[in-house]
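Visitor: Here is how the chains run, residue by residue.
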Amino acid sequence: MTRVALTVNDQRHEADVEPRQLLVYFLRETLGLKGTNVGCDTSSCGACTVLVDGESVKSCTVLAVQADGSDVTTIEGLAAEGELHPVQQAFHEQHALQCGYCTPGFVMATVSLLDENPSPSEDEIRRGLEGNLCRCTGYHNIVRAVEAAARAGA
Amino acid sequence: MSVLGNRVLRKEDPRFLRGEATYVENLPLEGALTVTFVRSLYAHARIIGVDASAAEALPDVQVFTGGDIDVSTGPPPIPVLEQRMRRPVVAKDVVRFVGDIVAVVVSPDRATGADAAELVMVEYDPLPLAVSTVDAVKDEVLLYPEIGTNVAGRAGRSDHDPRLFEGCDVVVRDTLVSQRLAACPLEVRSAAAEVGPDGRITAWLSTQVPHRDHFGLSATLGIDPGQLRVIAPDVGGGFGAKSAFGAEETIVVWLARHLGEPIRWTETRSESMTTLPHGRGQQLELALGGTRDGKLLAYRLDILQDAGAYPGVTAFLPNLTALLASGVYAIPRIEVDGVSVVTNTAPLTTVRGAGRPEASQAIERMVDLFAAEIGLDPVDVRRKNFIPKDAFPYKTATGAEYDSADYEAALELALRAVGYEEVRAEQQRRRDEGSTQELGIGISSYTEITNPLGEEEYGEVEITADGRAIVHTGSFSHGQGHETTFAMIAGERLGLPIERITVLKGDTDDVPKGTGTFGSKSTQIGGMAARGAADEVVERAKVLVGDYLEASAADVLLDTAAGRFHVAGTPQPALSWAELAERAASDDRLDELKAQHDFKAPPTFPFGVHIAVVEVDVETGKVELQRLVAVDDAGTLVNPLIAEGQVHGGVFTGVAQALFEEFVYDEEGNPLTGTFVGYAFPSPADLPAWEAIEMETPTPANELGVKGIGESGTIGATPAVWNAVLDALGPYGVRHVDMPCNGENVWRALQEAKA
Amino acid sequence: MIPAAFAYERAGSVEEAIELLGRDEDAKVLAGGHSLLPAMKLRISRPTVLVDIGRLDDLRYVREDGDRIAIGALTRHAALVRDPVLATRCALVPQTVQLIGDPQVRHRGTIGGSVAHADPASDLGAVVLALDAELVARGPDGERTIPATEFFTGPFTSALGPQELLTEIRVPAVERGVYLKHQRSSRDWATVGVAAAEVGGRIQVGLASMGPTSLRASAVEEALASGASAADAAARAVEGADPPSDVSASSEYRAHLARVLVQRALEQL
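Taken in sequence, the protein lines are chains A, B and C.
Residue numbers for the first sequence follow my numbering, beginning at 10 and rising by one.
Residue numbers for the second sequence follow my numbering, beginning at 205 and rising by one.
Residue numbers for the third sequence follow my numbering, beginning at 15 and rising by one.
What the hints contain is simulated information worked out from the structure, not anything from laboratory work.
We put the beta carbon where it would ideally sit given N, CA and C, even for glycine.
There's no promise every hint is true.
Stretch by stretch, here's where chain C covers chain B in the computed footprint (C-beta under 8 Å, at least three residues) [to be verified]:
#, segment
1, 316-329
2, 483-497
3, 540-552
4, 883-897
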């Protein structure tokens, strides 16, 4: 076991972890933050996307031990209790979710995308989200949501 | 003012946006043991022995084999299906596909389970293979030797009328393959089960059909249905692949009962790609004949359906393909001969479209081939053969009774939206200048059958003590937005805003029966059942109001705009639902404000026209979809926002089949596309925005005029894109490209045309 | 999904990493982890020890070094895409890296990890070959410089010794460079990738997914050097290559693609 200490959603945590424990399972099972989903086993789908030190990362492809000392934000940490972050609000208003399983990953990827490129074109949005897969929406409304969030200054 | 027909944002969104959804994998389930399956690496082999000793040496690991779990499942009891091709949930003597379960590991956690599963040693004696349907149909290698054939189901008739094409100046022929697809719900399968202190078993399943599962699991495991509760919490997509419980869920429930411990299982994506039932897998030999001036007269389909190793409803699908074979055209003579065969591959099932995409792919490709043969624009050939709008209800030569449609109007809308003449002009301009980036325009005009089984759905509405409403539905939304749509439907009848209406679903203890959600049926039967129940509650409320206002119930009116009851002619006194409920509760009469309604209706037939514009790089073969215009008419749109979302998702699936995806096995039956890396599931960067256009031709089948829309996008889009690719390649002498129309398949077609 | 168990060591310096690698022959280096961890999760790769070099921040840099640009091996792809020095002096690198994986992968993956993984489908593999890059390695016997043309020795096999760490990638300043990547979809590995650059007055071409390793299209280069047109040179794209057949493409299609893409790359140069 290896000791790790990291900040998750502004709360500091310390724990002993098996080296092979993936960050996504650390978040879900050790910390009980179930909002981040596991959608594949080849780092393809992005459902597990969180922010590590402000950047979007696939938490299934990071070991918990690698995240030692990091600042992690999950979907639960995006907005205060009862509120929605502008990206979440945009997804709602544009009907950019159906079954919801890919949604936390897309939202976190969008937060990171807009942080790096506050006014992306449609093409930049589509390429900026190529690490995230959805089976329900056909992506159309997700792109609209990102555009709306960008306009709202998210 | 009615909220119906408005683009109402979804009530259910917040929990999904916040990461608070209740997918099975998120359930707490203290102390649950984890299940890991050991699966066959051979497509067809005898099992000589299973040695679990190394696995069981790991702490707290138990291993079960086919000898321990002696349970089997079989195909649905449809007469045309071979009922004897049953699947032992854990293979005992023989494995029939790569992924067949040969042992079950129970462990305290997932990691130990993965380690233990690797240590289970299985000795196999490989058997000859029948991986392709072409091989399997020869009946040389038999998957079920005791049955003597690989045929699992039939459709149509095997005799051929030699005069079928009499009177046809032209007959065009082709063999098309609607290739095997993986459904790829973002949430893989997940199941959990626990025996309660009272001995009742609760099973949580990631499913589309909780009641069907309840019935099936009880029967399969010999459990008294009263002793089993099935709960489907939030489910992350199904697309038809989760419309039947499988060996895995059966084993989870069996283990919970056998061990008396809570049990949970979540598959890996690789496991899901290779063992969650696949879709399509149909080959069609086609011949379409007609006159030289464009009238279609006769159509023959020889269908060969892959039923996988353990046949389920898929073996029946050629019957649906046959039913919809003529699509939107008045073709007088149609002959279908269909056979479904088992193969040494994963099971298949009814994936989004289920037999109808195959029908529209076939007829739309053949109409374009026919048009090319006689030198007419494919638009004109379609127009000449549409079933006219005043001909409905219309019975096709295949026996389908179409309810309502206007194909010509849909075509007009689509042509205008895409700017047909301008695109043709651009296409010609590129041809004239010898561009290597050719443009192609493809049209598909389709119809399909929703609520195909003409099922009956359950709805219940109750009023709570504070005047809110709860809808209990036998439908099961797993992304389709029923918590909003059904609230809108009930709310319109009750005069309550959707904020005061909760829709409950998925728990067999809360909803006594239901058919789940598949086949694009839920709004038209589940929504109507909720509507009917709401109407009955209103009638019962009027009785109570009559008592309270000293009038006859027949004189009581509900002002739905205000949500208040009053006596006709006297707006005051009035009782709101909250006031009525409070009084009823204090009089112990609240349960009078509750009603159930069963709603049954025949199938309905949405329709539409899709037009695709593609750019084909004729040097590399690469196809880029530039535009997809979709006109989809599913009757009245209760919530156009949600309906449009369904079209977007359906179109995505249709385009994915046309251009990207195929589930592939090698000759040994090994899956080659068993992960999201090998399988070409498109990302946002691969696709354009969709141009979805509304059209509403109500159905007489229900008072709302609603048909189903969930699968329309899929059924319409694939042929439009396929036809577009062929249209781009017409000048090169290409008349056939295998789907998916990726670079290699297009390049090969170009090479063959040159030869 | 769950890797086989392994021991974990974190290196505080390159020297420490070298020493840790020497203790176990089944030890592997963990940098960004986006090539290694996916293989471990499918249990295709089963190292007994992972030596995490992810904290060695002094291996993250891009700096001009005479007529070369020196890139620290742990520089992340996302940083390369944004780097102002590369943008002006060797734009081929950021243009190519922009096509690797997706934004999340690029936030973690490193150039060193990518190159050392020696995937024949790797985009950077084709580029470092076309550029005649120098790969600087440090091991128990000190530091050495390996020319790119000697670096890729077999599928997923590089010239690095079991205890050697790739520390720096040195690329020439190049004005003209193109990387073309054909994929079935945006998420896919290169079905075929072609990197073309003018290096020291000579046009050089690197290929991805055309053999057991990243390859130089030497026959194409020879033809160009003796004055052949782009089309004629491109016709020789498959000489010396051995394009694989797999679920993404057949060998024949790859061969065809290589000819087309080499010609296009040369014309775009």
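Visitor: Against this structure, judge whether each hint is valid.
Guide: Do the hints match the structure? See the list:
1. Coverage of the segment 316-329 of chain B by chain C holds. Counting CB-CB distances below 8 Å, 3 residues qualify, and the rule asks for three or more.
2. Given a C-beta distance limit of less than 8 Å, the hint that chain C covers the segment 483-497 of chain B is violated, as 0 residues qualify and 3 are needed.
3. For a cut-off of 8 Å, the count of residues in the segment 540-552 of chain B with a CB near a CB of chain C stands at 0, and the three-residue condition is violated.
4. Requiring three or more residues with a Cβ within less than 8 Å of a Cβ of chain C, the coverage given for the segment 883-897 of chain B holds, as 6 such residues are present.
Checked against the numbered hints given earlier, the structure breaks hints 2, 3 and satisfies all the rest.
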